[in-house]
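**Student:** Make a model of the complete structure from these sequences and hints.
Protein sequence lines, in the order shown, are assigned to chains A and B.
One point on numbering: in my numbering, the residue at position 78 of the first sequence is 78, and numbering is uninterrupted.
Adding 1000 to a residue's 1-based position in the second sequence gives its number in my numbering.
Derived by calculation from the structure, the hints in this document are not laboratory data.
Careful: at least some of the hints might be erroneous.
Here are the simulated lysine-lysine pairs, DSS-like style, with alpha carbons at most 30 Å apart [what the hints assert, rightly or not]:
1. A:Lys102 with B:Lys1246
2. B:Lys1268 with A:Lys33
3. B:Lys1149 with A:Lys102
4. B:Lys1189 with B:Lys1158
To be clear about the criterion: a stretch of chain A counts as covered by chain B if any three or more of its residues have a C-beta under 8 Å from a C-beta of chain B, and this derived list gives those stretches [unchecked claim]:
5. 62-70
6. 121-128
These numbers were taken from a predicted model, which means no experiment stands behind them.
Cβ coordinates follow ideal geometry from the N, Cα and C atoms, glycine included.
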Amino acid sequence: MCDLPDCRSIEVLLVEDNPGDVRLIKEALNDAKIHVHITAVHDGAEALALLRREGDYSTATTPDLILLDLNLPRMSGHEVLAVIKQDEHLRRIPVVVVSSSKADRDIATAYDLHANCFVTKPVDLDQFFEVVQAIREFWFVVVKLPPEQIADGAT
Amino acid sequence: MLQKVTGLESSEHLPSLTEAEDVLQGLADVYSSVGTAMQPFATGLLNKPVALALDQSSAVVARYKTLIEQIPAVVFMALLDKGIGEAYVSPQIEAILGFSQEEWLNDPVRWYRQVHPDDRGRWNVEASEMFLSGKPLRSVYRVLARDGKVVSFHCEAKMVRHDDGQPWFIHGVAFDITELKTAEEKLKKAHDELELRVRERTAELARANDHLAKSNAELEQFAYVASHDLQEPLRMITSFTQLLVKRYRGQFDVDADEFIDYIADGAKRMSSLINDLLEYSRVGTRGRALVPTDCSAVFEVARNNLRVAIEESEATITSDPLPTVMGDETQLVQLFQNLLGNAIKFRGDRPVKVHVSVEQQQRNWLFRVSDNGIGIEPQYAERVFVIFQRLHNRATYPGTGIGLAICKKIVERHGGRIWVESQPGAGATFCFLLQRREQRNR
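**Tutor:** Structure below.
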């Protein structure tokens, strides 16, 4: 079932300030078949520090996927997204925006900033689980994630 | 001319003229502007004036004199060809201005000095025109009475010429129109005050309107933000309650399960309320411009959206051919859908029948959505349109009580009105007005 070359676990960076949502997403992503390792950070600055291995994050692993909330303290999710997608070392990492917003403007802005997809958090728990599990199925099973070894910009 | 004026100053009959140089200057300018024709009169200013009463020796003249003196106005005459020798003013002068006939006539420029300083310039111009053109003078002048009061005269004067064209005499009538003028001024003042107050009031209303529009917009924005932000913590409550139920139901005692159910139910209802509030606030914030909209199409969309409920209740929903109105299509669909949905929801024991009819009025279309359901007691006819007001318990008829509040807001946003006509058990007819075409004055 493991499609990754060395069959290691999948690294997910979850940028979410609400501990309740962190817990729910962790619950929903837990699956016997795929081993997912989730690192949760609470704001955008922390996320960028981790991605750039700054400060306490010098040994952090580059994630295979980023789950990004929009409504974050200090730096907004859109700002974090813009920085990631403008950084040539980070822009390949798929970013799934997971927000409670259904606003057209929020969705359009996210795609303008090259979000890989936009998902609205359902209010109902069962639907929430279904959505998170769909994200897992698609990104960890269906999708070929970017390879690690190829130099940036190479074809 | 100025020399003559200087000469006048030395005259014993005109001791006060030194203080009125401008008076004589103005008069002198008028006469000089007329040219040589007026020379005899101008020269006459130097001579001692002789006031002549009408010759009383003639019975005919006496009758005319009586006639003239009875006229309730100042009648005047002055010869122009023999210096200032002969002049007449009717005795009304005393009643109106407080000067006797003699006083008035003994001083040849008395009348000019009594003309209000602000009106002298105009008299100069208008009198010159009369002397030069021969056209009658018709004008209003303010004249100062002996006690300083201002009297308004409507003056009609004419110059009469000899056969050879030389000026002969001037005659005329001056009517005291002070009361008329005062009344006119009062009226104008009252009118101006009224106009000012209307302007002030209009400005006040405009300010109040702006304020209201602003606070309405703020309120809608507030409702939107509040309901959106309220959903977040509520989602936590519902999610973890559901998780609790999923994993731990039956592992606590019966009470705990019941409590959990109440939490779940409360959170679910609050979620509905917030969603409805959000939807309600969106009528104002998300509304689109009003454009010609075909209500028959709107009706079809609404009926189609309700087809599950229609099939389940075996309802018959019909409509007259419906007109095109100025509207926001999405909102009109919601309006029809809410009303038709209510008609099905509040059905009685009979098979549901709903009919939409329409009646053309001068500026509006009157729509009626009539059903054969349970009806509404008349005393609640207003309350049903108030947000979150319900007439039944949730077990019998679920819902938050938002539907008709949204209908009201939609109709009002379209410049119309909505009301209900009903009796319990006799069905309900919801009526609303929509504009027939665009209002031009906006």
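**Student:** For each hint, tell me whether it holds in the structure or not.
**Tutor:** We went through each hint and held it up to the structure:
1. A:Lys102 with B:Lys1246: holds (27 Å)
2. B:Lys1268 with A:Lys33: violated (33 Å)
3. B:Lys1149 with A:Lys102: Violated, because 81 Å separates the two Cα atoms, which is more than 30 Å.
4. B:Lys1189 with B:Lys1158: Given pair B:Lys1189, B:Lys1158 is violated - Cα atoms ~34 Å apart, limit 30 Å.
5. 62-70: violated (count 0)
6. 121-128: holds (count 6)
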